[in-house]
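Chains as they are written, first to last, in the numbering used here: chain A, 1 to 311; chain B, 1 to 311.
These are calculated hints, taken from the structure and not from any lab test.
Small disclaimer: the values here were computed from a predicted structure and weren't measured.
Listed next, with one range per pair, are the computed distances between beta-carbon atoms:
id, chain 1, residue 1, chain 2, residue 2, range
1, A, Gly171, B, Glu104, 47 to 53 Å
2, B, Glu241, A, His50, 41 to 47 Å
3, A, Gly171, B, Trp55, 47 to 53 Å
4, B, Val278, A, Glu16, 25 to 31 Å
5, B, Thr281, A, Glu36, 39 to 45 Å
6, B, Ala17, A, Glu275, 28 to 34 Å
7, A, Pro15, B, Arg295, 44 to 50 Å
8, A, His50, B, Gly108, 28 to 34 Å
9, B, Gly220, A, Glu36, 33 to 39 Å
10, A, Ser11, B, Val273, 40 to 46 Å
11, A, Arg13, B, Val278, 28 to 34 Å
12, B, Thr281, A, His50, 44 to 50 Å
Quick reminder that beta carbons are idealized off the backbone N, C-alpha and C, glycines included.
Protein chains: 2
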Amino acid sequence: MNEFDVISWISGRLPEAPPEVLVPVGDDCAVLRLGEATWVAASDMLVEGHHFKGWASPEDVGYKAVVVNVSDVAAMGAEPRFVLSSGGAPDPETTLRCFQGVLEACEGFGVYPLGGDTTGSGALTIDVSILGQCFQPPVLRSGARAGDLLAVTGELGAAAAGFLALESGDGGLERLVRKHLRPEPRVSAGRTAARLGVHAMIDLSDGLASDARHICERSGVGCRIELEKLPVAGDTRGYLERRGEDPEVLAATGGEDYELLVAAPEGLLEAFVEETDVPVTVVGEITEKEVVFLRSGKPVEGLSGWNHFAR
Amino acid sequence: MNEFDVISWISGRLPEAPPEVLVPVGDDCAVLRLGEATWVAASDMLVEGHHFKGWASPEDVGYKAVVVNVSDVAAMGAEPRFVLSSGGAPDPETTLRCFQGVLEACEGFGVYPLGGDTTGSGALTIDVSILGQCFQPPVLRSGARAGDLLAVTGELGAAAAGFLALESGDGGLERLVRKHLRPEPRVSAGRTAARLGVHAMIDLSDGLASDARHICERSGVGCRIELEKLPVAGDTRGYLERRGEDPEVLAATGGEDYELLVAAPEGLLEAFVEETDVPVTVVGEITEKEVVFLRSGKPVEGLSGWNHFAR
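Extracted from the complex, chain A is given alone in its bound form (with noise of 0.2 Å):
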């Protein structure tokens, strides 16, 4: 059993959803209709010694545990508006130095913070729960179709090359590792995306590999992505190499990008490419079945290999 089985079992045993739920849980965010407007609600919980280590200031984790939710809003299409946080810490000092984090995030990103709890924990642990408003109609992960182009905003490995960094002590590599502690939210970008009407839409926090994955489970497609085209930067490249790994597997699998990937016809991709403010790449396209991943055409066996999502 794992947090997917765990997910799985509670998506069956959902009571009926009351009139103002539109999208239940399954999504990035919950969908709701509150008298005039369309609000998207989720929330995420970080934990000292699974998400970060000591290598994390208590204000990394809070501002980073506000940057996880309003991406998962930015994946709908939504603007960020409150979010509920709740610290607990072995210390009042090390909360307090949390919930700095998560202000100065809130400050960042337009968001106001509601209220939350303080406790005493063990472990630095930090849940968010945010509200996003709606001012088209939210992107789902369920409606791409064979055909559509898929892409990504900004760029991938970066944070998967910082966690590294970070987790060997290597020195010099100050914007991978912001890149792991601060990720920049694609907010703008995803309402772009959505006013122009893209078919499916999520944000990259499990990995490419895992995420596309999600798409074409829920849209009842398949995907090709080509490796050589992931967008990896030029030091995430070089530091990965040095290391002996393999930048476009890791910038595959690595996760936590918090980047967007978009499932959307060509045209309506260059329309978002040319009006939205981050580089956009095609990665590859939808198809009727199957999730493939290729390098020099050939199928990536670890990556593509994982047949309970393929159809």
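Got chain A; can you put chain B on it based on the hints?
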């Protein structure tokens, strides 16, 4: 520095509230105006070793995490509607059992689970965020006026007695143990109180001695509470006396009752007694200043001596 210092620090550094925020941090819930409706929001986190130990099953913990949030909504006079729940546990099976308790409570209180997160964590940890809907103006902590009576729903001290029974392994005390593990939030009573327009309300989570101070502090008043009047059930009293504990002191300080404390003028309180579905007991009154606990007409120092809250 303690939890209240952390909350106070945060409260002093909040960004300017957007127009939707009617009440920010500082009450049982924040209050939001979304479209034509008023909503309340709160979150509470429970951590193994701090809020519970091995005597609580994961199902109990998940259930109670929902209860404590539902109780916050009840204290605003609102209806609990939606929750997000994030759980961390050493293994997926424990996470699943905890979420089973969450779902059981959701079903029991008519709350819909919108989603959440699961993660690994050395200590079982669950954070629930709640949205409640107001069908009449919410009741705040800040409306108490000198001359109001102070009354509590249900009974006090049973949950604290149940906690002692669990800690010491004393058997034959199932009712008290259940009061600790599966408290009953007073949603219907809270809505009745709001409909009648009581002046102030709070739920008794920290204990009457502490929570009465929260009302007094927010309302700029004092209060006089008579320990003899506290509603302590026979089994609670019997068990505590056998242990050499002072039943009234524990009823005032033990916490986790999840009853409601209400401040209202006499006539209004009579209507509340008549119309609500739980027993209501007058325990004291609101005064101009100072929080005083009396027994046989004499101040009880250990309870009323916290001068930093007195006015």
